[in-house]
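Asks: Chain B: place on chain A using the hints.
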Amino acid sequence: SQQGEEDPQALSIQEGENATMNCSYKTSINNLQWYRQNSGRGLVHLILIRSNEREKHSGRLRVTLDTSKKSSSLLITASRAADTASYFCATDSGTGNQFYFGTGTSLTVIP
Amino acid sequence: DAGITQSPRYKITETGRQVTLMCHQTWSHSYMFWYRQDLGHGLRLIYYSAAADITDKGEVPDGYVVSRSKTENFPLTLESATRSQTSVYFCASSVTRADTEAFFGQGTRLTVV
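Sequences listed follow chains A and B, in order. Count along the first sequence from 1, then add 104; that gives the number in the numbering used here. Count along the second sequence from 1, then add 8; that gives the number in the numbering used here.
The following block holds chain A by itself, in its conformation from the complex:
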């Protein structure tokens, strides 16, 4: 399975701190995406990074991609209580027709 794995499974931090979560995957990809899921809701797209990119920013989010290590990290800076959610990485399949999701990191930001 191409399914990625996020690490850690759970993370608890104080408001204002930075949160870093990692994703590892198994086979070559064309792109990697990060999604957020609030409790009881659907997933919301955060950022997409292509295999020829090493770093990408969007607001307080910074994503890095290391294709040699088959890993990616998501950094949320200056976290807020509203960032409390589960975060998933998603990779495309070899054919590019499918998304494969990891098992997620549950982030709790304590006010």
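Just so you know, these hints were derived from the structure itself, not from any lab. Heads up, some of the hints might be wrong.
Below 20 Å or equal to it, Euclidean Cα-Cα: the simulated EDC-like pairs (lysine to aspartate or glutamate) are [said to hold, decoys possible]:
| hint | chain 1 | residue 1 | chain 2 | residue 2 |
| --- | --- | --- | --- | --- |
| 1 | A | K174 | B | D107 |
| 2 | A | K174 | A | E109 |
| 3 | A | K130 | B | D107 |
| 4 | B | K65 | B | E87 |
| 5 | A | K174 | A | E157 |
| 6 | A | K173 | A | E159 |
| 7 | A | K174 | A | E121 |
| 8 | B | K65 | B | D107 |
| 9 | A | K130 | A | D170 |
| 10 | B | K19 | B | E87 |
| 11 | A | K160 | A | D170 |
| 12 | A | K130 | B | E67 |
| 13 | A | K160 | B | D107 |
| 14 | A | K160 | B | E109 |
| 15 | A | K173 | A | E157 |
Covered by chain B, per the in silico footprint, the following chain A stretches (three or more residues, Cβ under 8 Å) [claimed, not checked]:
| hint | region |
| --- | --- |
| 16 | 114-123 |
| 17 | 171-180 |
| 18 | 205-215 |
Backbone N, C-alpha and C define an ideal beta-carbon position, used for all residues, glycine too.
Replies: Coordinates of chain B only, in the frame set by chain A:
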């Protein structure tokens, strides 16, 4: 309303019954997907569709049937529900293949008793 909607939001059914989960999107996205989400497994792809009348299996297709007669609709049918199919089901769509963002519905929580 524009977007992707799933119905019902909650469903309880008995073992052996047929149940259909509905998914409707208003963007005319080519690709649509069905996932199930279970604790410890993340999201697993059941079926996907690249266009009307084109469907293909994902990681866990057994016990499920899909159809896509119209671009905007992608129903998922459990032909004979089993307790192992108790899960939260998410439908998603994307403009093209997996190189663009996917838009998710709110999910259907299905309980098979």
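Asks: Take the hints in turn and mark each one as holding or not.
Replies: Here is how each hint holds up against the structure:
Taken as a hint, the K174 (chain A) and D107 (chain B) pair is honoured in the structure, with Cα atoms around 17 Å apart against an allowance of 20 Å. Restraint check for K174 (chain A) and E109 (chain A): the C-alpha separation of about 11 Å stays at or below 20 Å, so the hint holds. Among the hinted pairs, K130 (chain A) with D107 (chain B) is consistent with the structure: their alpha-carbon atoms are about 18 Å apart, no more than 20 Å. For the suggested pair K65 (chain B) and E87 (chain B), the alpha carbons sit about 16 Å apart, so the restraint of at most 20 Å is met.
Between K174 (chain A) and E157 (chain A) the CA atoms are separated by roughly 13 Å; this keeps the pair inside 20 Å, and the hint holds. Our distance criterion of 20 Å between C-alpha atoms is met by K173 (chain A) and E159 (chain A), whose separation comes to about 14 Å. Between K174 (chain A) and E121 (chain A) the alpha-carbon distance is near 27 Å, which puts this suggested pair outside the 20 Å criterion. At roughly 19 Å between alpha-carbon atoms, K65 (chain B) and D107 (chain B) fall within 20 Å of each other, so this suggested pair holds.
Restraint check: the Cα-Cα separation between K130 (chain A) and D170 (chain A) comes to about 12 Å, which is no more than 20 Å; the hinted pair holds. For the hint pairing K19 (chain B) with E87 (chain B), the CA-to-CA distance comes to about 15 Å; that is within 20 Å, so the pair holds. The straight-line distance between the Cα atoms of K160 (chain A) and D170 (chain A) is roughly 12 Å, inside the 20 Å bound, and the hint therefore holds. This hinted pair checks out: K130 (chain A) and E67 (chain B) have alpha carbons roughly 15 Å apart, not beyond 20 Å.
Of the supplied pair hints, the one linking K160 (chain A) and D107 (chain B) holds, its CA atoms being roughly 16 Å apart against a limit of 20 Å. For a cut-off of 20 Å, the pair hint linking K160 (chain A) to E109 (chain B) stands: about 15 Å separates their Cα positions. Our distance criterion of 20 Å between C-alpha atoms is met by K173 (chain A) and E157 (chain A), whose separation comes to about 14 Å. Using a Cβ-Cβ cut-off of 8 Å, 0 residues of the region 114-123 of chain A lie near chain B, which falls short of the minimum of three, so the contact claim is violated.
Coverage of the region 171-180 of chain A by chain B is violated. Counting CB-CB distances below 8 Å, 0 residues qualify, and the rule asks for three or more. Check on the region 205-215 of chain A: 4 of its residues sit with their Cβ under 8 Å from a Cβ of chain B, so the three-residue criterion for coverage holds.
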